[in-house]
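Chains as they are written, first to last, in this note's numbering: chain A, 2 to 213; chain B, 131 to 614.
These are computed hints drawn from the structure, not numbers from a lab.
The reader is advised that the hints may include incorrect statements.
What the hints assert, rightly or not - Computed cross-link-like contacts, DSBU-like style, restricted to lysine-lysine with a CA-CA straight-line distance of at most 30 Å: (1) B/K390 - A/K179; (2) A/K179 - B/K145; (3) A/K98 - B/K139; (4) B/K139 - A/K179.
Claimed, not checked - Incomplete in silico selection of chain A near chain B, CB under 8 Å: (5) D26; (6) Q31; (7) R36; (8) V41; (9) G45; (10) Q48; (11) D53; (12) R55; (13) R90; (14) E91; (15) I113; (16) G116; (17) E134; (18) R204; (19) L206.
Built from N, CA and C at the ideal position, the CB exists for glycine as well.
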Amino acid sequence: MTGDETAIETVERVSGTGIPVRGNDIDTDQIIPARFLKVVTFDGLGQFAFHDVRFTDDDEPKDHPFNEDRFRNASVLVVNSNFGCGSSREHAPQALKRWGIDAVVGESFAEIFAGNCLALGVPTVTASAREIEALQDFVDENPDGEIEVDVADESVRYGAPNSEHHEIDATVDEAQRKALVEGVWDTTALMKSNAGAVTETARSLPYVEEAE
Amino acid sequence: MSEGTLYDKVWDRHKVTELPTGQDQLFVGLHLVHEVTSPQAFGMLRERGLDVAYPERTHATVDHIVPTDGRERPYEGAAEEMMAELEENVREAGIEFSSPDTGDQGIVHVVGPEQGLTQPGTTVVCGDSHTSTHGAMGALAFGIGTSQIRDVLATGTVAMEKKDVRRIRVTGELGDGVEAKDVILEIIRRLGTDGGVGYVYEYAGEAIENLGLEGRMSICNMSIEGGARAGYVNPDEKTYEWLEDTDAFRDDPEKFERLKPYWESIRSDEDAEYDDEVVIDGSALEPMVTWGTTPGQGVGVTEPIPAPEDLPEDKQDTARRAQEHMRVEPGETMAGYPIDVAFLGSCTNARLPDLRRAARVVAGREVHPDVRAMVVPGSQRVKAAAESEGLDQVFRDAGFDWRGAGCSMCLGMNDDQLEGDEASASSSNRNFVGRQGSKEGRTVLMNPQMVAAAAIEGEVTDVRELDERELPESASTDAEVAER
Ligand code: SF4
Numbered sequence: 002m003t004g005d006e007t008a009i010e011t012v013e014r015v016s017g018t019g020i021p022v023r024g025n026d027i028d029t030d031q032i033i034p035a036r037f038l039k040v041v042t043f044d045g046l047g048q049f050a051f052h053d054v055r056f057t058d059d060d061e062p063k064d065h066p067f068n069e070d071r072f073r074n075a076s077v078l079v080v081n082s083n084f085g086c087g088s089s090r091e092h093a094p095q096a097l098k099r100w101g102i103d104a105v106v107g108e109s110f111a112e113i114f115a116g117n118c119l120a121l122g123v124p125t126v127t128a129s130a131r132e133i134e135a136l137q138d139f140v141d142e143n144p145d146g147e148i149e150v151d152v153a154d155e156s157v158r159y160g161a162p163n164s165e166h167h168e169i170d171a172t173v174d175e176a177q178r179k180a181l182v183e184g185v186w187d188t189t190a191l192m193k194s195n196a197g198a199v200t201e202t203a204r205s206l207p208y209v210e211e212a213e
Numbered sequence: 131m132s133e134g135t136l137y138d139k140v141w142d143r144h145k146v147t148e149l150p151t152g153q154d155q156l157f158v159g160l161h162l163v164h165e166v167t168s169p170q171a172f173g174m175l176r177e178r179g180l181d182v183a184y185p186e187r188t189h190a191t192v193d194h195i196v197p198t199d200g201r202e203r204p205y206e207g208a209a210e211e212m213m214a215e216l217e218e219n220v221r222e223a224g225i226e227f228s229s230p231d232t233g234d235q236g237i238v239h240v241v242g243p244e245q246g247l248t249q250p251g252t253t254v255v256c257g258d259s260h261t262s263t264h265g266a267m268g269a270l271a272f273g274i275g276t277s278q279i280r281d282v283l284a285t286g287t288v289a290m291e292k293k294d295v296r297r298i299r300v301t302g303e304l305g306d307g308v309e310a311k312d313v314i315l316e317i318i319r320r321l322g323t324d325g326g327v328g329y330v331y332e333y334a335g336e337a338i339e340n341l342g343l344e345g346r347m348s349i350c351n352m353s354i355e356g357g358a359r360a361g362y363v364n365p366d367e368k369t370y371e372w373l374e375d376t377d378a379f380r381d382d383p384e385k386f387e388r389l390k391p392y393w394e395s396i397r398s399d400e401d402a403e404y405d406d407e408v409v410i411d412g413s414a415l416e417p418m419v420t421w422g423t424t425p426g427q428g429v430g431v432t433e434p435i436p437a438p439e440d441l442p443e444d445k446q447d448t449a450r451r452a453q454e455h456m457r458v459e460p461g462e463t464m465a466g467y468p469i470d471v472a473f474l475g476s477c478t479n480a481r482l483p484d485l486r487r488a489a490r491v492v493a494g495r496e497v498h499p500d501v502r503a504m505v506v507p508g509s510q511r512v513k514a515a516a517e518s519e520g521l522d523q524v525f526r527d528a529g530f531d532w533r534g535a536g537c538s539m540c541l542g543m544n545d546d547q548l549e550g551d552e553a554s555a556s557s558s559n560r561n562f563v564g565r566q567g568s569k570e571g572r573t574v575l576m577n578p579q580m581v582a583a584a585a586i587e588g589e590v591t592d593v594r595e596l597d598e599r600e601l602p603e604s605a606s607t608d609a610e611v612a613e614r
């Protein structure tokens, strides 16, 4: 079996307009409710992002940034703390990505969610509560304002057209930064190439039965 | 950085190499698979023309969407599609499958320990956040996403970053009506739903040591609700006794003796170093219930619900919204909160001792007329064992629905769901809005005896106020019942 040939893109920076989703502890059940998990591929999940907080039982749209026209083309999601907690479902970042999100900026992220984002090449960048709130306010007032998420540099720059830009000191988890910037976030190929070392590790473990 | 802990030792022994990202490539001892998070991963594998590298270290079951009654095939709708997809995938790859026909099916986190698949000193992964449960066996176990499932299927390894270790010592003796579930709800209330981010939790102290393996599983299970991706308890004699009686070792005492020294060797050293330590007085706890919509929003059953403004600033907003959703007022207690549904099930609390304790409360009583109550055993084996003790009869006599094994109303993916704004007393682990199938639904988390008490009284009830009943003769000794 040959290794994986897919060319892996590097993600050094992501830019685009923003969309704020406010609140702490937003769990993956909210990002994509369980009934939308009854699928064998991730295609088409985008329309269901945040479904139950966006629509009433009769499918009438509610107040939610994901329903607002002014944010329709946004690619940078700005959230608060512990975003993506709960279930490990990769359907959550898949739904966000398929809706159009290419980067998430927030105060903090649940670990499995951040890992799932990384596997899709979506950076999860953190900054202080104050900076995040200011950025959310900015996005609310300037839905067309350009945001640049610089993964390589660990910063986020934004500003209204023709005005001075503000730069936030942001943090990107070191492994995530390397993976994205060096284009090694697709780990399958990488790890497949170490098959010999894997066999050796297996052999050294008393509980692994010798494979024939 | 921690040193000499079980986590350090198991990590080091499973580390294959350091990857260019700075992450470690870890060897995976056991990969558990269920129907909902795996099909996309098998699909990705196919897309790339890769085979499953180690089918012999992989084990599958169905739990999330499988119906818990009416199990004739074909199942209805998507459940059949996902089941068929899994059957196809495991057949093609040669993966062992605890399907409903085998009598071994169940929630993946019940099945692994039950069959002795989960062993101390191993690494266990599954595309499910509650994989932390398996840490109760002294394993290093964590949930992974679908892309990581693909990695594990293709390479038998996973890329991970090493975390810090926080030891949580629970001292003293747990009081009446207080269980493992209450300990972990208290831990999460104290440390926060994100307090464990960046940590692995080691649970220790006499209150933990005194728990059976099932109780340890309830605690490790909810590590993830506290933000910790993994939690574990050091293996001890209880762990070894458990293992000796599982499929893995029952007929192979030699293997058991051969592995035992290894299990002993990976225990945390007496002088191990931890990155953080928290001590909790177990004897001070009372039965816990949640008043909100995160597992961290818990309170003792006789304690007042906190006012949002008395909570840390970053929790106030969530608390306000939660209280509005749950329709509770600060200052009141949860005792007396009317419930419509009692759900006794899930990978947190649907093992045999959980059902036994609940049955003691239920015996000779009747479910409140306004409550629909159900028991969903964690696995087909738990169900069979409970039936051989006559527990099913105790529950049925009281008016509980006695179901087949699966996740059921824990996440409402099959037909078992809350309707409208129903309130549920639930032994599961998540009270998120919408979790149990209805977005207006309200979930109150509690231990299994408390669920039983709520079912009987029709409202959240301090189980200590109900006198415990002896199980009727027929439930424990009557041979006729035992045979059924
Ligand atoms: S019982 Fe609930 S928490 Fe456990 S695996 Fe099933 S859905 Fe997840």
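We went through each hint and held it up to the structure:
| no. | hint | verdict |
| --- | --- | --- |
| 1 | B/K390 - A/K179 | violated, 40 Å |
| 2 | A/K179 - B/K145 | holds, 20 Å |
| 3 | A/K98 - B/K139 | violated, 38 Å |
| 4 | B/K139 - A/K179 | holds, 26 Å |
| 5 | D26 | holds, 5 Å |
| 6 | Q31 | holds, 7 Å |
| 7 | R36 | holds, 7 Å |
| 8 | V41 | holds, 4 Å |
| 9 | G45 | violated, 13 Å |
| 10 | Q48 | violated, 17 Å |
| 11 | D53 | holds, 4 Å |
| 12 | R55 | violated, 11 Å |
| 13 | R90 | holds, 7 Å |
| 14 | E91 | holds, 4 Å |
| 15 | I113 | holds, 6 Å |
| 16 | G116 | holds, 6 Å |
| 17 | E134 | violated, 11 Å |
| 18 | R204 | violated, 10 Å |
| 19 | L206 | holds, 6 Å |
Consistency with the previously given hints fails for numbers 1, 3, 9, 10, 12, 17 and 18, ordered from lowest to highest.
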